[in-house]
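Please construct the entire structure, taking both the sequences and the accompanying hints into account.
Chains B and H are the protein sequences, given in the same order. Note that the working numbering gives residue 163 to position 163 of the first sequence, counting from 1, and the numbers run on in steps of one. Note that the working numbering gives residue 73 to position 73 of the second sequence, counting from 1, and the numbers run on in steps of one.
It is worth saying that the hints were derived from the structure and are not from the lab. Don't take each hint at face value.
Treat identical chains as interchangeable: a pair holds within one or across any two.
Taking lysine to aspartate or glutamate and the EDC-like style, the derived pairs with C-alpha atoms no more than 20 Å apart in a straight line are [what the hints assert, rightly or not]:
| no. | residue 1 | residue 2 |
| --- | --- | --- |
| 1 | 8 | 41 |
| 2 | 8 | 135 |
| 3 | 8 | 37 |
| 4 | 162 | 179 |
| 5 | 162 | 65 |
| 6 | 162 | 144 |
| 7 | 162 | 86 |
| 8 | 162 | 55 |
None of the values given here were measured: they were computed from a predicted structure.
Next come the chains, spelled out residue by residue.
Number of protein chains: 2
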Amino acid sequence: MLEARRIKHCRVCGGATQYLIPADDNRHRAVCTVCGEVHYENPLNVVGTVPVWGDQVLLCRRNIEPRYGMWTLPAGFMELGETTAEGALRETVEEAGARVEMQGLFSMLNVVRAGQVHLFYRARLEDINFDPGPETIEAQLFHEHQIPWEQLAFRTVRDTLKFYFADRAAGQFGLHVGDIG
Amino acid sequence: MLEARRIKHCRVCGGATQYLIPADDNRHRAVCTVCGEVHYENPLNVVGTVPVWGDQVLLCRRNIEPRYGMWTLPAGFMELGETTAEGALRETVEEAGARVEMQGLFSMLNVVRAGQVHLFYRARLEDINFDPGPETIEAQLFHEHQIPWEQLAFRTVRDTLKFYFADRAAGQFGLHVGDIG
Numbered sequence: 001m002l003e004a005r006r007i008k009h010c011r012v013c014g015g016a017t018q019y020l021i022p023a024d025d026n027r028h029r030a031v032c033t034v035c036g037e038v039h040y041e042n043p044l045n046v047v048g049t050v051p052v053w054g055d056q057v058l059l060c061r062r063n064i065e066p067r068y069g070m071w072t073l074p075a076g077f078m079e080l081g082e083t084t085a086e087g088a089l090r091e092t093v094e095e096a097g098a099r100v101e102m103q104g105l106f107s108m109l110n111v112v113r114a115g116q117v118h119l120f121y122r123a124r125l126e127d128i129n130f131d132p133g134p135e136t137i138e139a140q141l142f143h144e145h146q147i148p149w150e151q152l153a154f155r156t157v158r159d160t161l162k163f164y165f166a167d168r169a170a171g172q173f174g175l176h177v178g179d180i181g
Numbered sequence: 001m002l003e004a005r006r007i008k009h010c011r012v013c014g015g016a017t018q019y020l021i022p023a024d025d026n027r028h029r030a031v032c033t034v035c036g037e038v039h040y041e042n043p044l045n046v047v048g049t050v051p052v053w054g055d056q057v058l059l060c061r062r063n064i065e066p067r068y069g070m071w072t073l074p075a076g077f078m079e080l081g082e083t084t085a086e087g088a089l090r091e092t093v094e095e096a097g098a099r100v101e102m103q104g105l106f107s108m109l110n111v112v113r114a115g116q117v118h119l120f121y122r123a124r125l126e127d128i129n130f131d132p133g134p135e136t137i138e139a140q141l142f143h144e145h146q147i148p149w150e151q152l153a154f155r156t157v158r159d160t161l162k163f164y165f166a167d168r169a170a171g172q173f174g175l176h177v178g179d180i181g
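The following block contains the structure:
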């Protein structure tokens, strides 16, 4: 996944780049062999929600790769011009066609190998008329005992759901910070 | 700041890009007019610490632009291959030459106009022998009444310090989530 981001040409002039450690730096960067522009590559945020209706949680079945056909919480890459919470709300609308009231930040999970940080907010569903977008096959509510644990798309989704049900049982929701591989 | 990231050439083939909304998307992206590669631009994380020695906090005076000569908490862009906490620790070593024991996540502040999310951790200084790197003019400990509020480099630094002293006075440290312009 990290490899896919490799930069072969300069975004400013189109010249060929070379990976080297710039004079004032300590990491390899794609540096343009023509104009000298330095290209930085950094982790990205994935933002989403745990949408809840009573004691049920909303999951979406993925209509896209990776993990086509598997279940996920609504989430996606944070975009420029929005906050983490706004991005999480947008993804919930886009992927599930669901209306939610946003609640607190619930999990922040580093996925180092993917170069990602996953942030999930708790959210209260305002109704159960879902209208999934093109990235979703179906959106469905699950009681805890119905969660398809073996068909979840991502480990951060599994961990966040585990945290959610544990906190719910304990009667208090906290913030869960963790690292994955 | 967002403008500076504009992508004029394709990173894969070097061809000219054009900003348009791809068929399966709803935002303008830099799309290569030659090979069709779509280039995404997303917010970046800035990670840092609030390094504490007794009732003093460590600040660094910036030796680089922007905000040359102003004071900041040690912080910088999160890099690939590290967690948010590892990045915050690395920046503390690089900018202040300080040894710290990392503590909990303390603030998460969206800076929408800059396309950034700032994350600060509390950290306990293990000694007070600082060895600032080239990005720092000097590193200095401040009691609360000595903080140079008018010479702080960034609003997220000011807000995080305000939260820190308020929580300390209250006897309990929480997580502070907020948005800035």
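How the hints compare with the structure:
When the C-alpha separation of residue 8 and residue 41 is checked against a cutoff of 20 Å, the pair qualifies both within a copy, at 13 Å, and between copies, at 17 Å. For the identical chains of this complex, residue 8 and residue 135 are neighbours neither inside a copy (30 Å) nor across copies (29 Å), given an alpha-carbon limit of 20 Å. Taking identical chains as interchangeable, the C-alpha atoms of residue 8 and residue 37 lie at most 20 Å apart whether they share a chain (12 Å) or sit on different chains (13 Å). In the homo-oligomer, the alpha carbons of residue 162 and residue 179 lie at most 20 Å apart inside one protomer (15 Å), although the nearest pairing across protomers, at 28 Å, exceeds that limit.
With identical chains, the CA atoms of residue 162 and residue 65 are never at most 20 Å apart, being 24 Å at best within one copy and 44 Å at best between copies. Taking identical chains as interchangeable, the C-alpha atoms of residue 162 and residue 144 lie at most 20 Å apart only when both belong to the same chain, with a minimum of 10 Å there against 41 Å between chains. Taking the closest pair of Cα atoms, residue 162 and residue 86 never come within 20 Å of each other, the shortest separation being 24 Å inside a single copy and 25 Å across copies. When the C-alpha separation of residue 162 and residue 55 is checked against a cutoff of 20 Å, the pair qualifies only within one copy, where the shortest distance is 14 Å, while the shortest distance between copies is 38 Å.
Violated hints for the displayed structure, listed by number in ascending order: 2, 5 and 7.
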